[in-house]
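Engineer: Between the sequences and the hints, there should be enough to build the whole structure, so can you do that?
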Amino acid sequence: MTAETRKPILEAKGLVKTFGRVVGLDVSDLALYPGEVLAVVGDNGAGKSTLIKCLSGAEVADEGEIELDGEIVSFKRPQDSRAVGIETVYQTLAVAPALDIASNLYLGRELRRSGLLGSVFRMLDNKTMKQHAKEQIAALGIGTIQNIGQAVETLSGGQRQAVAVARAAAFGSKVMILDEPTAALGVRESNQVLKLIVKLRERGMPVILISHNMPQVFEVADRIHIQRLGKRAAVVTPLTHTMVEVVGIMTGALKIDESGQTLHSVR
Amino acid sequence: MTQTEPAVHDAAEFMDRRTFPARMQSLLHRYPWISPALVLLIAVFTLSFFNQYFATPNNLSLIAQQVAVVGSIAVGQTIIILTAGIDLSCGAIAVFASMVMAKTAFENHVPGWIAFILGLVVGTAAGGFNGYLITKVKLPPFIVTLGTFNIFTALTLLYATGRTVRDTEVDPFLLKLGSIFSIGTFHITVGVLVMLLMYAAVAFVLRYTAWGRHVYATGGDIEAARLAGIQVNRVLMSVYMVAGFIFAITAWVLIGRVNAASPNSGIDLNLDSITAVVIGGTSLFGGRGTVVGSLLGALIVGVFRNGLTLAGLDVYYQTLAVGLLIIFAVSVDQWIRRSKS
Numbered sequence: 017m018t019a020e021t022r023k024p025i026l027e028a029k030g031l032v033k034t035f036g037r038v039v040g041l042d043v044s045d046l047a048l049y050p051g052e053v054l055a056v057v058g059d060n061g062a063g064k065s066t067l068i069k070c071l072s073g074a075e076v077a078d079e080g081e082i083e084l085d086g087e088i089v090s091f092k093r094p095q096d097s098r099a100v101g102i103e104t105v106y107q108t109l110a111v112a113p114a115l116d117i118a119s120n121l122y123l124g125r126e127l128r129r130s131g132l133l134g135s136v137f138r139m140l141d142n143k144t145m146k147q148h149a150k151e152q153i154a155a156l157g158i159g160t161i162q163n164i165g166q167a168v169e170t171l172s173g174g175q176r177q178a179v180a181v182a183r184a185a186a187f188g189s190k191v192m193i194l195d196e197p198t199a200a201l202g203v204r205e206s207n208q209v210l211k212l213i214v215k216l217r218e219r220g221m222p223v224i225l226i227s228h229n230m231p232q233v234f235e236v237a238d239r240i241h242i243q244r245l246g247k248r249a250a251v252v253t254p255l256t257h258t259m260v261e262v263v264g265i266m267t268g269a270l271k272i273d274e275s276g277q278t279l280h281s282v283r
Numbered sequence: 598m599t600q601t602e603p604a605v606h607d608a609a610e611f612m613d614r615r616t617f618p619a620r621m622q623s624l625l626h627r628y629p630w631i632s633p634a635l636v637l638l639i640a641v642f643t644l645s646f647f648n649q650y651f652a653t654p655n656n657l658s659l660i661a662q663q664v665a666v667v668g669s670i671a672v673g674q675t676i677i678i679l680t681a682g683i684d685l686s687c688g689a690i691a692v693f694a695s696m697v698m699a700k701t702a703f704e705n706h707v708p709g710w711i712a713f714i715l716g717l718v719v720g721t722a723a724g725g726f727n728g729y730l731i732t733k734v735k736l737p738p739f740i741v742t743l744g745t746f747n748i749f750t751a752l753t754l755l756y757a758t759g760r761t762v763r764d765t766e767v768d769p770f771l772l773k774l775g776s777i778f779s780i781g782t783f784h785i786t787v788g789v790l791v792m793l794l795m796y797a798a799v800a801f802v803l804r805y806t807a808w809g810r811h812v813y814a815t816g817g818d819i820e821a822a823r824l825a826g827i828q829v830n831r832v833l834m835s836v837y838m839v840a841g842f843i844f845a846i847t848a849w850v851l852i853g854r855v856n857a858a859s860p861n862s863g864i865d866l867n868l869d870s871i872t873a874v875v876i877g878g879t880s881l882f883g884g885r886g887t888v889v890g891s892l893l894g895a896l897i898v899g900v901f902r903n904g905l906t907l908a909g910l911d912v913y914y915q916t917l918a919v920g921l922l923i924i925f926a927v928s929v930d931q932w933i934r935r936s937k938s
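As they're listed, the protein sequences go chains Y and A. First residue of the first sequence: 17, per our numbering; consecutive thereafter. First residue of the second sequence: 598, per our numbering; consecutive thereafter.
Source of the hints: derived by calculation from the structure; they are not laboratory data. Check the hints yourself; a few may be wrong.
Below, computed lysine-lysine pairings styled on DSSO-like, alpha-carbon distance capped at 30 Å [what the hints assert, rightly or not]:
1. Y:LYS211 x Y:LYS150
2. Y:LYS146 x Y:LYS190
3. A:LYS735 x Y:LYS146
4. Y:LYS92 x A:LYS773
5. Y:LYS211 x Y:LYS146
6. Y:LYS211 x Y:LYS190
Remember, it's a predicted structure, so these values are computed and weren't measured experimentally.
Structural biologist: Dropping the structure here:
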């Protein structure tokens with residue numbers, strides 16, 4: 017693994033989460049380093065979505081702790097994790113369809129006008145919001161979006177997901193979690209989103225990418241966190257391991273030993 | 598769309614290549630009140646040929662007065678439908694509030710303006726009751742308001758003991774909205790003015806405040822709104838309470854219009870308000886529509902009923918025409934919704 021001198025920006029230690037008798041997370045760890053794209057892969061039921069939900073505040077872990085920038089944080093609701101700078105983008109294209117792009121970017125944190133118009137009449141500062149939205153979209157290189165006043169439902173799936181990513185990136189967030197952002201998208205639209213992820217890394221934004229799609233994971237990830245049976249089975253890189261090996265670890269056909277690199281067949 | 602497939606890379610280029618119907622579609626998508634506005638214009642234009650009295654200031658003033666009650670109640674119905682909800686109890690709430698206003702003033706000798714405030718409280722509470730059942734007990738709005746429609750109607754009849762508060766018994770303050778003033782050759786009631794003020798206020802709030810945006814977002818996709826950090830239950834609760842408040846103001850308009858408070862008045866209001874909203878281009882699926890459209894919708898129904906009467910058509914044909922209009926309006930909405938893909 018990477019040098020110990022680097023400190024993770026986001027670290028989860030010994031997370032345990034049970035749902036009745038079902039064990040979702042069985043003392044699981046995760047570490048995300050600054051400026052990297054960490055892919056999280058795992059079979060169904062391996063606990064990857066539970067892990068991510070604990071990080072984004074959608075679930076509360078029974079045990080274990082989460083550190084952001086070296087400080088222990090605890091989340092009870094999604095708003096809590098957002099408040100400290102962890103933004104999550106969901107696969108379901110979570111945007112408000114009838115509202116325009118600028119309104120979507122600022123949904124839930126609208127800016128009000130200054131003075132009486134804002135404080136008494138609660139009027140929104142549409143001009144500033146539009147201006148910022150435009151800059152944000154341009155900065156992420158989402159060139160296919162022409163008109164910031166366009167209703168989001170007139171956009172393609174990839175563009176909508178780009179709006180969701182732009183929203184997550186717009187508010188000085190420290191960490192971005194993308195939960196299967198391409199699951200609902202076609203090939204070309206997925207590529208748009210992957211480009212966006214690369215762009216985010218170029219801007220120094222650490223990204224956790226949850227995905228089922230191995231080629232996509234190998235295309236953009238710096239490191240791959242493999243979740244299996246509620247635990248972190250291994251962390252590998254696309255340079256040192258092949259897709260077949262990663263799938264092997266994921267399914268339990270291959271095991272990685274404590275020191276790291278050597279792989280040996282089970283049975 | 599199929600032959601312009603490569604153009605999706607460039608949205609501007611893509612726009613220019615679209616056919617006329619596609620452009621119409623996106624125009625209506627953007628401004629859903631355009632089609633009711635056209636229908637209203639065409640209706641006024643056509644009907645004025647059948648009877649020369651139709652387009653006179655006197656008759657148009659009469660239409661405005663006739664529309665005031667439905668138009669007022671449709672303001673509240675619109676914000677509810679924008680959240681993908683529906684209120685079948687709105688008329689019952691308005692009648693209930695009107696009885697509370699008239700009866701407390703007449704029988705308990707409460708000053709008119711206090712009776713009015715009592716009515717507002719009752720209306721808002723009734724809306725809040727609907728909102729509570731929808732957000733906390735998690736029942737569908739249709740079922741909730743179908744139930745409360747019966748409950749509020751029964752409460753009204755029990756409270757009124759079947760008796761109307763007649764014009765001579767109603768407090769003068771409560772009759773204020775029935776008084777007529779003139780603008781040129783037009784004679785408008787204060788009730789019409791109050792209705793227009795409500796439209797202006799709600800249109801402003803929906804367009805220019807965060808709350809308005811949250812109403813649209815909640816109606817468009819409640820899960821997405823929740824994930825964006827909007828407290829959707831709070832939005833829904835506030836919508837039903839604001840609507841209840843508007844229904845109570847409608848009660849005031851209603852007393853002024855019928856010059857009395859009767860437990861049997863306003864039965865048609867429940868469905869007529871939905872008719873106005875739907876004809877006005879607001880989508881029953883939520884998230885799309887304007888409050889101005891509902892005013893146009895109410896006016897269209899008013900114009901049809903009045904104009905067809907003057908043209909000598911049987912009242913049954915008016916109902917038929919309104920029915921066809923509803924089907925037309927919903928078809929247009931469906932067509933617009935399909936334009937997304």
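Engineer: Does each hint fit the structure? Answer for all of them.
Structural biologist: Tested hints:
no., hint, verdict
1, Y:LYS211 x Y:LYS150, "19 Å, holds"
2, Y:LYS146 x Y:LYS190, "23 Å, holds"
3, A:LYS735 x Y:LYS146, "36 Å, violated"
4, Y:LYS92 x A:LYS773, "53 Å, violated"
5, Y:LYS211 x Y:LYS146, "24 Å, holds"
6, Y:LYS211 x Y:LYS190, "19 Å, holds"
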